[in-house]
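Whenever a hint applies, use it, and build me the whole structure from the sequences.
In my numbering, the protein residues as written are 8 to 143.
Simulated from the structure, these hints should not be mistaken for lab results.
Treat the hints with care, as some may be off.
Taking lysine-lysine and the DSSO-like style, the derived pairs with C-alpha atoms no more than 27 Å apart in a straight line are [to be verified]:
| no. | residue 1 | residue 2 |
| --- | --- | --- |
| 1 | LYS19 | LYS67 |
| 2 | LYS98 | LYS19 |
| 3 | LYS19 | LYS96 |
| 4 | LYS67 | LYS46 |
| 5 | LYS67 | LYS105 |
| 6 | LYS50 | LYS96 |
| 7 | LYS50 | LYS98 |
| 8 | LYS67 | LYS50 |
| 9 | LYS46 | LYS19 |
| 10 | LYS19 | LYS105 |
| 11 | LYS50 | LYS19 |
| 12 | LYS46 | LYS96 |
| 13 | LYS105 | LYS50 |
| 14 | LYS46 | LYS98 |
| 15 | LYS46 | LYS105 |
| 16 | LYS67 | LYS98 |
| 17 | LYS67 | LYS96 |
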Amino acid sequence: MEFTTLQNSFSKALNQVGRVVSSRTTLPVLGNILITAEKGNIKLAATDLEIAITTGTTGKVIEEGSLTIPARILTEFITNNNDETISFKTKDTSLNLKSEHYEANISGISAEEFPTIPLLPKEQFEQIGRNKDVWD
8 MEFTTLQNSF SKALNQVGRV VSSRTTLPVL GNILITAEKG NIKLAATDLE IAITTGTTGK
68 VIEEGSLTIP ARILTEFITN NNDETISFKT KDTSLNLKSE HYEANISGIS AEEFPTIPLL
128 PKEQFEQIGR NKDVWD
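And the structure:
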């Protein structure tokens, strides 16, 4: 997997999925975030086996693929990085993150170890948030 994305948009997506990652779990992969790059989209997913959150952002995908990365370490690197763009590249189960001023290598777990998140039909979703007709 190899892609480049904006730090700002990746950080927002990371903060959304990071809400369900447990720091204390018997399964190490549940402390990770699944990153999938395909067709110009970067998808992030996390679960605690009761709740799952999936979101995404856009980027320049050079090579499609997926890997799970420890949420705490990834979040610290991304939120403390002030560079505009960050490049991600995997080699086996390791992720190399590189920006203008920073670089890190983080060991991950294969995406095959991550629990399957079932897809729900669109009619089962409800919009949560501000509705202009209700609040104005």
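Right, here's what the structure says about each hint:
no.	hint	verdict
1	LYS19 x LYS67	holds, 17 Å
2	LYS98 x LYS19	holds, 25 Å
3	LYS19 x LYS96	holds, 20 Å
4	LYS67 x LYS46	holds, 9 Å
5	LYS67 x LYS105	holds, 14 Å
6	LYS50 x LYS96	holds, 15 Å
7	LYS50 x LYS98	holds, 19 Å
8	LYS67 x LYS50	holds, 13 Å
9	LYS46 x LYS19	holds, 20 Å
10	LYS19 x LYS105	holds, 18 Å
11	LYS50 x LYS19	holds, 12 Å
12	LYS46 x LYS96	holds, 16 Å
13	LYS105 x LYS50	holds, 19 Å
14	LYS46 x LYS98	holds, 20 Å
15	LYS46 x LYS105	holds, 21 Å
16	LYS67 x LYS98	holds, 18 Å
17	LYS67 x LYS96	holds, 12 Å
In summary, the structure agrees with every hint in the numbered list given earlier.
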